[in-house]
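Number of protein chains: 2
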Amino acid sequence: MITGKNIIGSRKSGKSNQTFSSVNAVSSETLETNYSIATDEEIDEAIELAHTAFNLYRNFSGYHKAAFLDRIAVEIEALGESLIQQIMIETALPEARLTGERARTTGQLKLFASLLREGSWKAVRIDTAMPNREPLPRASLRQLQIPLGPVAVFAASNFPLAFSVAGGDTASALAAGCPVVFKAHSSHPGVSEMVAGAIIKAASATGMPDGIFSLLQGNEHRVGQNLVAHPKIKAGGFTGSFHGGMALLKTAQNRVEPIPVYTEMSSINPVVVLPEALRINPKEIAEGYVSSVLLGVGQFCTNPGILLTSESPDTEIFLQHVKEAMAKQSGGNMLSQHIYSSYKNGVQKLKNSSLSIVHEGSSPTQENVAAPVIWECSGADFLNQPGWQEEVFGPSSIIVKTSSVEEIYTILQSLQGQLTLTIHAEEKDHEQVNQLITIGTKLAGRVVWNAFPTGVEVSHAMVHGGPFPATSDSRSTSVGTAAIFRFTRPVCYQNIPDAFLPEELQNDNPLTIWRWVDGDWTKNLIN
Amino acid sequence: MITGKNIIGSRKSGKSNQTFSSVNAVSSETLETNYSIATDEEIDEAIELAHTAFNLYRNFSGYHKAAFLDRIAVEIEALGESLIQQIMIETALPEARLTGERARTTGQLKLFASLLREGSWKAVRIDTAMPNREPLPRASLRQLQIPLGPVAVFAASNFPLAFSVAGGDTASALAAGCPVVFKAHSSHPGVSEMVAGAIIKAASATGMPDGIFSLLQGNEHRVGQNLVAHPKIKAGGFTGSFHGGMALLKTAQNRVEPIPVYTEMSSINPVVVLPEALRINPKEIAEGYVSSVLLGVGQFCTNPGILLTSESPDTEIFLQHVKEAMAKQSGGNMLSQHIYSSYKNGVQKLKNSSLSIVHEGSSPTQENVAAPVIWECSGADFLNQPGWQEEVFGPSSIIVKTSSVEEIYTILQSLQGQLTLTIHAEEKDHEQVNQLITIGTKLAGRVVWNAFPTGVEVSHAMVHGGPFPATSDSRSTSVGTAAIFRFTRPVCYQNIPDAFLPEELQNDNPLTIWRWVDGDWTKNLIN
Chain Y
1 MITGKNIIGS RKSGKSNQTF SSVNAVSSET LETNYSIATD EEIDEAIELA HTAFNLYRNF
61 SGYHKAAFLD RIAVEIEALG ESLIQQIMIE TALPEARLTG ERARTTGQLK LFASLLREGS
121 WKAVRIDTAM PNREPLPRAS LRQLQIPLGP VAVFAASNFP LAFSVAGGDT ASALAAGCPV
181 VFKAHSSHPG VSEMVAGAII KAASATGMPD GIFSLLQGNE HRVGQNLVAH PKIKAGGFTG
241 SFHGGMALLK TAQNRVEPIP VYTEMSSINP VVVLPEALRI NPKEIAEGYV SSVLLGVGQF
301 CTNPGILLTS ESPDTEIFLQ HVKEAMAKQS GGNMLSQHIY SSYKNGVQKL KNSSLSIVHE
361 GSSPTQENVA APVIWECSGA DFLNQPGWQE EVFGPSSIIV KTSSVEEIYT ILQSLQGQLT
421 LTIHAEEKDH EQVNQLITIG TKLAGRVVWN AFPTGVEVSH AMVHGGPFPA TSDSRSTSVG
481 TAAIFRFTRP VCYQNIPDAF LPEELQNDNP LTIWRWVDGD WTKNLIN
Chain H
1 MITGKNIIGS RKSGKSNQTF SSVNAVSSET LETNYSIATD EEIDEAIELA HTAFNLYRNF
61 SGYHKAAFLD RIAVEIEALG ESLIQQIMIE TALPEARLTG ERARTTGQLK LFASLLREGS
121 WKAVRIDTAM PNREPLPRAS LRQLQIPLGP VAVFAASNFP LAFSVAGGDT ASALAAGCPV
181 VFKAHSSHPG VSEMVAGAII KAASATGMPD GIFSLLQGNE HRVGQNLVAH PKIKAGGFTG
241 SFHGGMALLK TAQNRVEPIP VYTEMSSINP VVVLPEALRI NPKEIAEGYV SSVLLGVGQF
301 CTNPGILLTS ESPDTEIFLQ HVKEAMAKQS GGNMLSQHIY SSYKNGVQKL KNSSLSIVHE
361 GSSPTQENVA APVIWECSGA DFLNQPGWQE EVFGPSSIIV KTSSVEEIYT ILQSLQGQLT
421 LTIHAEEKDH EQVNQLITIG TKLAGRVVWN AFPTGVEVSH AMVHGGPFPA TSDSRSTSVG
481 TAAIFRFTRP VCYQNIPDAF LPEELQNDNP LTIWRWVDGD WTKNLIN
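So the protein sequences, as listed, match chains Y and H. For the first sequence, counting from 1, position 240 maps to 240 in the working numbering; every step adds exactly one. For the second sequence, counting from 1, position 311 maps to 311 in the working numbering; every step adds exactly one.
Mixed in with the good hints, there may be bad ones.
[Stated by the list, open to error] Sample of chain H residues facing chain Y (criterion: CB under 10 Å; computed from the structure):
| hint | residue |
| --- | --- |
| 1 | I411 |
| 2 | S414 |
| 3 | G417 |
| 4 | H460 |
| 5 | S474 |
| 6 | R475 |
| 7 | A482 |
| 8 | V491 |
| 9 | D508 |
| 10 | T512 |
| 11 | W514 |
In short, the hints are calculated from the structure, not lab data. C-beta atoms are modelled at their ideal positions from N, C-alpha and C, and glycine is treated no differently.
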């Protein structure tokens, strides 16, 4: 079932003699398949095919594209247990998490399909003609969103389904009308090929042009760099490390034609616990915090890397609850040897600094199994140690005990851009809240109330994004239906007769979509 | 009234001994004011002040910001005839054009003010809570657009009002909630200071924070480069030459934190005249074309630099009408000596190539007065001469006589990104139209029907933008109300109690704005 080849549109291709293997994420044993590293020729073929496909696909109706997305979901489900088993081998993620992630992935595809069928997402703006306006008549002006062109998408290591081959970037790019050339992650190439096969089956079943999707394998930077550098690639989507994301951005910046490359990189997702919340709910917050830090062995983009609270007698009670909650937890197998050793190095670096440990899980004897650590420090020390702001990808988090709520503000204002800021507050804390929310909206893409940042809803209003370095472009979200606008641009039709307008812009509004007509949203037709 | 100093918030500043002067655009005589070139310290002061102002201004209500924009319009009008006189001296633009441009500029400010008062522009998206959803409840998620931060804006030479100090970039940035640090154009520093004075007066009259607007003078690249490189600048807007725009982009790309810099650069705005339209309306189209080419002495971004038509006996009739229309026109004074000499060089370069002249205006004896030129060539020759695709800024345009309509398609597909594509068609041409529009939407930001591209309406649906190199970011427009989204980003409030939400997101919808609630646009409140 897994061939180790690249998938260039509808055909398999393995031109290179150079191959790589993936490893069993639990045992570190090398798996048997040899994956053919995409050659420059294969990269080019995939992009040329995507370019040709774009000229057809961009004109497909919303219903047709929706059928494709829905069918991808069906084909992924049809892979059944064998898909889950393959991912467990390649990532060590547990079965329950993976069935959940599969549901999220197919749900995401279906959500974009429903968005396409409903049709209003094209953000139609119409200024009706004013032939008698003085001193000059106004032409009829009608705007809608159109797709940018072929998109390069990169797999994330931490979500082998939801942020990988058929994940959010692919779903939103295909929904926008853009073919996708996908760079698989070298730590889960097998599941990548399986899901790519599902997409190709769906494409064939729903009459999609050859090249609507291609999968490139590789364990070297060249593949991704050449993909983003290609003149026929018009946008990129990436979720991963700061260094990986910045390298892609730099490649994009060296192109003649600038293109948007959306990289979602690092974030430590501060959690603020205000005094009264700490006093009333120390146990509940401690347990929620520890669960959030340890969720998925800490390998979530929204993992809370610091918790800020102003020191008081309640702090010690809270720390006691944190210790108890930690004691109930055990370490987990990380996604790959590479991630595990990065984590170990990160933890060692913190140990070598003056950070104190609140609780460290016992050293696991098994390879790739991380020991979770919760640290503590004073606000002043945190401010003096810029290195502590750096994300340690894994189950590590610092509790910062500040001298006052004002010091919490100072620390938040010293941080770089984040995906989220979380606030725990009770009624007596409320006078602090307005200022905290103001700081939060400057700092982050999402402000969370009395909950934890892990768990990102896929919906219309979600923002999974935020100021640099959380992402390269704070104007975008990579989760939720608004993610589609990363891959579109507006175009305006001036005085074009109805017969030549796309249906979305025609007077009769044949698709019955919402349109912004002369300054109001309406589904009405235009007289 | 004109001091030659920089304007740093509410105070004038001229720290440098280095100055420059502007010249009378007709006579090339040096004008008397010495303008103080902004020092690095002054640039920094302006940006720091803007940063501080941002923390206040970002929370101002739409009504308050609207009052500021409306007042800027009033203060510009109050400058009266002296403003027009100053611009005529610095740009040689005629009075009628300038009173029109002033009306456009104040109209633009008032349009953004009305957008702010209406309030729906914040693009609110609400997913209501589903506390009983299985397997997990859904939190309340509420998204709106917030401002990015201080914006660097650059004056365009060709619109001393509408694309300069209080032009579209400034109006949309201020409307978005972003302070503006403005780099004046060295060819019209006097009018820049006058308009900046109007903005400062309006800011003071409407209680704006100091630093909401600053004006920097200079005739060296350093000022603009340092402005865009500053870490507290969060976006940039520029209209001008390809080289100027690309230099700013490169500076932005060398920053640690990437920021969006919107540069609107070069475009030759192809006009296609299909056979039947040419046959029926040769005179009308010829006259419209010549007027559009010569409008503002050809110094418009949307100036039609090429006209494409398939050769037939009607072509000669059309060319005859072009000659007649040209014969009635005279050359005009260009905006500056620099632009005039660029134009002369561009024309000379075309003369040295194998282009034929349809009509050239008689060589003017006056300095800076351009002789308009219409050229002709075959489609095959055009395809062989990539240099002919380059914009010659001024009243120059090439008529390309193709061997067939298919060759028109081929030529369009060989072009780089454009602001506009224009189609002239009559009923018998209609079978060509669908394909042309498809090509047009890939090529350009706006497709115009049986009219000419000059004249850009300021409205909701306008797109003044397009694929590279027409702009650096095809996802944006620099004209119309959608220009505001260049300077905003989304933020999501998760489960935040109503009392702490901005009014736009509160259950009762106290501002009665349009909101996208659970997948429908509504002004209703949320239960």
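Hint check results:
1. For H:I411, the interface hint is violated, since its Cβ never comes within 10 Å of a Cβ in chain Y; the closest pair sits about 17 Å apart.
2. For the restraint placing H:S414 at the interface with chain Y, the shortest Cβ-Cβ distance is roughly 14 Å, beyond the 10 Å limit, so the hint is violated.
3. Using the Cβ-Cβ criterion of 10 Å, the hint placing H:G417 at the interface with chain Y is satisfied: the shortest such distance is roughly 8 Å.
4. Hint on H:H460 holds. Least Cβ distance to chain Y is approximately 5 Å, under the 10 Å limit.
5. The interface hint given for H:S474 is met, as the beta carbon of that residue sits about 4 Å from the closest beta carbon of chain Y, less than 10 Å.
6. Because the beta carbon of H:R475 sits about 5 Å from the nearest beta carbon in chain Y, less than 10 Å, this interface hint is met.
7. With its C-beta approaching chain Y no nearer than about 7 Å, H:A482 sits inside the 10 Å limit, and its interface hint holds.
8. For H:V491, the suggested interface contact is upheld, since its CB lies about 5 Å from the closest CB of chain Y, less than 10 Å.
9. Interface hint status for H:D508: violated, as the beta-carbon distance to the closest one in chain Y is roughly 18 Å, over 10 Å.
10. With 10 Å as the threshold, the beta carbon of H:T512 stays out of range of chain Y, its nearest partner Cβ sitting at about 12 Å, so the hint is violated.
11. Nearest Cβ of chain Y to the Cβ of H:W514: about 5 Å, under the 10 Å cut. The hint holds.
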